[in-house]
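Each chain is listed here by its residues.
Protein chains: 4
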Amino acid sequence: MSRNALKLVTIGGGSSYTPELIEGYIKRQAQLPIKEIWLVDVEAGLEKLNIVGAMAKRMVKTAGLDWEVHLTLDRRTALKDADFVSTQFRVGLLPARIKDERIPNYYGMIGQETNGAGGIFKAFRTVPVILDIVKDMQELCPDAWLINFTNPSGMITEAIKTYGHWDKVIGLCNVPVMAMSSEPELIHKTLDELTYKFAGLDHFHWHRVWDNTGQEVTMQIVDKLFGDEDAGLPTNIFDVPFFKDQLENMRMIPCGYHRYYYRQEEMLAHGLAEYRDNATRAQQVTKIETELFELYKDPNLDYKPKQLAERGGAHYSDAACEAMASIYQDKKTHMVVSTLNQGAVPDLPSDHVFEVSAQIGAAGAVPMAFGHFQPAERGWLQLMKNMELVIVEAAATGNYGLALQAFTMNPLIPAGATAKRVLDEMLVAHRNYLPQFTDKITELLAAGVTVQDKVAAELTELVPV
Amino acid sequence: MSRNALKLVTIGGGSSYTPELIEGYIKRQAQLPIKEIWLVDVEAGLEKLNIVGAMAKRMVKTAGLDWEVHLTLDRRTALKDADFVSTQFRVGLLPARIKDERIPNYYGMIGQETNGAGGIFKAFRTVPVILDIVKDMQELCPDAWLINFTNPSGMITEAIKTYGHWDKVIGLCNVPVMAMSSEPELIHKTLDELTYKFAGLDHFHWHRVWDNTGQEVTMQIVDKLFGDEDAGLPTNIFDVPFFKDQLENMRMIPCGYHRYYYRQEEMLAHGLAEYRDNATRAQQVTKIETELFELYKDPNLDYKPKQLAERGGAHYSDAACEAMASIYQDKKTHMVVSTLNQGAVPDLPSDHVFEVSAQIGAAGAVPMAFGHFQPAERGWLQLMKNMELVIVEAAATGNYGLALQAFTMNPLIPAGATAKRVLDEMLVAHRNYLPQFTDKITELLAAGVTVQDKVAAELTELVPV
Amino acid sequence: MSRNALKLVTIGGGSSYTPELIEGYIKRQAQLPIKEIWLVDVEAGLEKLNIVGAMAKRMVKTAGLDWEVHLTLDRRTALKDADFVSTQFRVGLLPARIKDERIPNYYGMIGQETNGAGGIFKAFRTVPVILDIVKDMQELCPDAWLINFTNPSGMITEAIKTYGHWDKVIGLCNVPVMAMSSEPELIHKTLDELTYKFAGLDHFHWHRVWDNTGQEVTMQIVDKLFGDEDAGLPTNIFDVPFFKDQLENMRMIPCGYHRYYYRQEEMLAHGLAEYRDNATRAQQVTKIETELFELYKDPNLDYKPKQLAERGGAHYSDAACEAMASIYQDKKTHMVVSTLNQGAVPDLPSDHVFEVSAQIGAAGAVPMAFGHFQPAERGWLQLMKNMELVIVEAAATGNYGLALQAFTMNPLIPAGATAKRVLDEMLVAHRNYLPQFTDKITELLAAGVTVQDKVAAELTELVPV
Amino acid sequence: MSRNALKLVTIGGGSSYTPELIEGYIKRQAQLPIKEIWLVDVEAGLEKLNIVGAMAKRMVKTAGLDWEVHLTLDRRTALKDADFVSTQFRVGLLPARIKDERIPNYYGMIGQETNGAGGIFKAFRTVPVILDIVKDMQELCPDAWLINFTNPSGMITEAIKTYGHWDKVIGLCNVPVMAMSSEPELIHKTLDELTYKFAGLDHFHWHRVWDNTGQEVTMQIVDKLFGDEDAGLPTNIFDVPFFKDQLENMRMIPCGYHRYYYRQEEMLAHGLAEYRDNATRAQQVTKIETELFELYKDPNLDYKPKQLAERGGAHYSDAACEAMASIYQDKKTHMVVSTLNQGAVPDLPSDHVFEVSAQIGAAGAVPMAFGHFQPAERGWLQLMKNMELVIVEAAATGNYGLALQAFTMNPLIPAGATAKRVLDEMLVAHRNYLPQFTDKITELLAAGVTVQDKVAAELTELVPV
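Quick note, the sequences are listed as chains Y, X, H and U, same order. Taking my numbering, I'd label the letters of the first sequence as residues 1 to 465. Taking my numbering, I'd label the letters of the second sequence as residues 466 to 930. Taking my numbering, I'd label the letters of the third sequence as residues 931 to 1395. Taking my numbering, I'd label the letters of the fourth sequence as residues 1396 to 1860.
Hints were generated in silico from the structure; no laboratory data involved. All values derive from a computational prediction rather than experimental measurement. Yeah, the Cβ is synthetic: ideal placement off N, Cα and C, and Gly gets one too. Watch out, some of these pointers could steer you wrong.
As the list claims (entries may be wrong) - Covered stretches of chain H (chain X as the covering partner; in silico rule of three or more C-beta atoms under 8 Å from a C-beta of chain X):
no., segment
1, 1254-1262
2, 1275-1282
Claimed, not checked - Below are the PhoX-like pairs computed for lysine-lysine, each with C-alpha atoms no more than 20 Å apart in a straight line:
no., chain 1, residue 1, chain 2, residue 2
3, H, K1119, X, K796
4, X, K885, Y, K244
5, H, K1261, X, K654
6, Y, K306, Y, K27
7, H, K1262, X, K797
Chain Y with its partners taken away, still in its complex shape (with noise of 0.2 Å):
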């Protein structure tokens, strides 16, 4: 690694995000002694990236710094000689977002970014991209650390280990990072004073925590959380309570998108509602971004704007950064972040990938043992770590067989004949960025399978084939 002149590469340089993390690197001049910022995308993306980017270089110059902030669609000159690759890229951008929720949507499934039908396919897309990222890495800047912040986190992440073989690698969720600045003030105290232990998986882990004086206090969060104001939750998830009994039983305090599972019909509901109003999420978000762009335009503007912070999303670029930083000057920081298990949670795999606590130093990630789950919560998490490990290997190798068992494990997705259609349905929609699977998009485009519903078929036909 460069001791003294950082080459910091981002993937999906064209993000609304980025000016969160130029902020979080500003913030950390003093630990991160940075040469050059590259800013990368895709030709679709450019000119997001060439707005986004003209900002990021205002930001930097107002902060009365030297560095070079380089943009560019080509990623192999990006790459050369990294220090740090973060990855933020959404393979087919955000009308690709929303075909994963309208399509299972039309057929009463729950859409959503990185649960269901819709998760399952933002792996699919995902994998292929990432697997040939690394593969530059690997010729390119070898001793590089990738910091994974693209959805799904997790699965992304196991796909990078497992079959990238690559292993300087961290995925990072915002969700374990809202807890911790929500929760300690609910219970009248600062985040130092306490000490938290997350494990599970990315976008399913639960915590439990401690105070200064060694007394769990992990049901008084419960207690606030879920009582009269709830706290922490993302912006982008309803706002449904948990049923209390369940939390006492559990006695671990559950992430946002448990709801997903634990209130599936509620969420449901209002996910239907959300369909019916033309106003998914990820409708929702392109017309966000739409004026954050607008925003951002603005050559007056050189600092995040506070808009930003309705995006969802928020703390992940903040996270990479500090990831970084923590790497980068050996820090031994706490955060809660994708990486191999090996042992720390022994009702899982110990050589695949879950999401824990660890201390974050120059030797990556050392993860804090977490012990034995109840069955409640094992059994939950044994399901979705073996449904991961079949998205990955379905995105990996194109097997259609694996992606119908995944769509039938997958919890949100009632199995069956429906299921199926979706499941095809999403294939077609995708095709542009399934190469893996293109011998069964074939057959299903000549057996006529089409999108049923209007937005994503409209979606799917601006893209040509």
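Start from chain Y and add chains X, H and U according to the hints.
The following block gives chains X, H and U in isolation, referenced to the frame of chain Y:
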């Protein structure tokens, strides 16, 4: 164990299956030196006990055997010095099963005897009774073998081992028996020419098959089973085909009950159609049973009538007889039973009950190691086993939070407010058989929870609280 | 597999055991439709091959069978289209075994064929040869079964599975056969009346026994075995009794070879006495073998002579024949074999070889689950299995550091400079059979390492480098 | 826990280490708001308690602190409402250690405080006492933390968790402290610039090290440590080098005590030479202690004298103070402690004690996941942990068969009649401290078993039975 004068006790002796059991004994008269057969039932089952008991006596007499057949409501007298105790009772009789089906159906969920909400409640009602029986056995016949075929057989066996601390138990299931009796001819083989390896859970197992040249013939059987014709399916399961693509990925033969999970949509639709016709499976069975008992009353009937086959559950009683004979004669027979894992499926905890190909002899059941499952089946299996543990603990302790956790985990119950409503209504509906949940039920009754399905509500009213 | 004209190949066909093998075939003529028997050996074993081969032909002829018996040094011709390949060769013949015993003995350590330094070197010499054979089989008879009884049988089977990637292999051991043939009568039972459960490693297993009433009779057998009389001990093991207090805690029957570990002091003293008398076991066997081959030369001898029993290793060849017949006839026989764990002993890795009671049929070996060991036996077992893995990896790779690790772990070798000296002398002594260690041996020779024991040194000199 | 007036209790307060402990407290006066220090000892240690206690008072006074220092033989009064209890007692004092060394030495075996027969007997004597202490704590100070540094520290911690059912315990060892204090400078680093990962068992652990650029520097330290110079070795361990070839294969840094296992021959020779010189380590320490206590008597001595460093065991007491401060101040310090595995080393049972890098804070010890070991180290580790379990169970139950199993498993004891003789003599020699073995000892005395080593025999005679 008495070597020359066996005392065999059946709890739930008034069952319509008793003739199959008696036939099984008669068939094995050379292997089982029976002196006494005790058929035990409860007050509510007395009439059926008398009818079927009289028939049992006729069958024994016609066979020219001098076995004593005792009919009794006094379980303790029956258990005294027993050699084999078999359990085939149904707590709450068929009306309870009707409620298990119709209450979930009312809310658009699968209602089924051993799966979904119905299966959970069958366990809730049965566990307290079986633990009482085991307590009696510890005192009255501490060396007896317990052959359980009361459903849900796997969970009941788990309760016997884990909460009853009784080791000499074998749990039975007729599904593997049916597979092994119907599959061989599909590929023009006899059972003797094949090697079967089953593993999984009761009503949730898979199997693989090899022929006598060592070639695996699993997929040949799959082709026959799920190609043109179907075979080996319990009569109580609607025949929707599995997805070919999924089977080809799985490369194992699922059991009939997997339909509820792999084709949930279709199974639900079928169940709801029966519900609307006021003819759920339990309602059909009630009718069949009435006819059966009419037949049994015929003083000339001294053999198992053909009509019993329609009842579903065929082979269970015969399997129980075979298990007794295998133990008594140390036959080292291959049977598929619920027993302690001991590592045979390393994906499941080694000290809990699962269902597996085992050698049955005087030393009990010795499971054959099956090895690891692939991720898709492993995920299902781990979810389901953990759910079983949650259900059994809830049943043994009356913990409502755990009951809610079980409902939330169950893949056939969409989690949320309606699921909780179903749980609450079922607690109320089955209140006479759920002493462990008394406090919660009192609270629910006070809150005015009542059963909404009219048929179930009427059956509930018949039972004074 | 040929169904009517089996081709059976034995590598190491010139062994003195071949008559037992031929007798085993003749005994099973109704089960094994043999057409050709191929006895393969190396140049150095040609004379013995011719003697024992001629005798084999006489035995077949006397039995009135038309089987072809081929004697050859051309392994590849023999392997072509073979149905069963059995391996009973000894790399370096008896002189190598003399060195395996005398070099450790010279330094006051146990010298033994399958344990201690000798066992490690037998593995080092054998692994490269067996991997060559497997390579030939992959090309010439990819559907054949490999029945290995070359020692150390467990480690050789491990090498075949892990480094040869050959699945159709069964490793055999005669020790369980001897136990099962001698123990039943001690408690006035027949083998059929007992259930045996063995588990552990080759030459390091324990067993438990139940009678046909389901009662465990393990400790009854222990009392008989280690009370007044001894039984079931291989002829090559000195008969020092186990400690009664230890056995009562163990509550399992150890195997004869456990004496080396549980009574190390006495076994060492006995071995050193034989060493001083110039009569180590290999030296005794050399004499017995010479006599045996004199007998075999007798053109009238057409049956297995009694004297072979003194040789040690009885039952190995018969077990090999039984394994072949069980596979070919799909007999589902209980045999104790080295095969993949698959969870049957959850204390050991599921994907490595161990020794266990298994059902042997057309589908191969199906291990019976044994469950967890108690800590004392578990500790021994885990040490020994890990040591086997280290030895096999060292044997497959020629890694000297690993060889030294194996010597350090071995409970029969006191770690330190002398142990390293023994390792080095043995590398030099066996240099003609250790191609994988060539570089290290060259270095040792350059450093002037020579064999100190005179007998071993002379045998080494006979072999030109 | 009292937040402003801590009560600290030390069992074995008369130890020569007490000044280090007091120094440690004084050093951390800002972190630990101490009110009372209670030094507890037994009658036989009263003289030492008075000497060292007086010195402790002088040290506190000189530091200008108003802490109360209480000296007492009344353990229960001391424990009442304690906040931290540290244990540093030696049952039987140094004469017992002399016997632990000399009795095995007499028979040509390694005699050592925490390894071999001596270590087993130290556990046998200590476990009953620590379980008594825990029983008192459950009654008198149920919220206190127990910081154990009585050896064998890992096994004592195991006994506290498994048989005492006490969770708030941390076991300490000074060996990792010494490694971390001496190694960094070898590679021109400070401790802050390195990441240490330790795992294994107390006195049987390995570690790996990374620098602040993320590069592993383990082998650089190995080169320095075992190249020209040695470092970080406890003063009580003879300095024989490890084999370079072995270390290069291991790629981890073993601990000093591994010498007993990796260079058993040389360690034995060294120990026997000391034995012949009548100067085993305990005999040397007795002399050092006498001198130390002479020093301590000096009414002007009010600081820890340099000579204590020669005593061996340096850093233990300081580590205890650091553990207390880390818990009290929730410092989340990296320390290497004995605690529950919880999966951190998946090769060992998750519910037992091992030694590991952990984060120490108010919530106790959180182990850092280490992942799987390679087979060589895994084999050693699994043997040793299982042996620990056998020893602790024997110590807790007085089961002689288990004691013999432990002796048989121990790699430093050649199994056989002499080993059993050593076991029996040591039972007799330590009879006053082994209430759990009373029956067996009575039997041995009746059979005339006496201690053969004269020095040990004399020490035994001093103690009336």
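Hints versus structure:
no., hint, result
1, 1254-1262, "holds (count 4)"
2, 1275-1282, "holds (count 3)"
3, H/K1119 with X/K796, "holds (16 Å)"
4, X/K885 with Y/K244, "holds (12 Å)"
5, H/K1261 with X/K654, "holds (16 Å)"
6, Y/K306 with Y/K27, "holds (17 Å)"
7, H/K1262 with X/K797, "holds (11 Å)"
Hint check: no violations occur; every hint is consistent with the structure.
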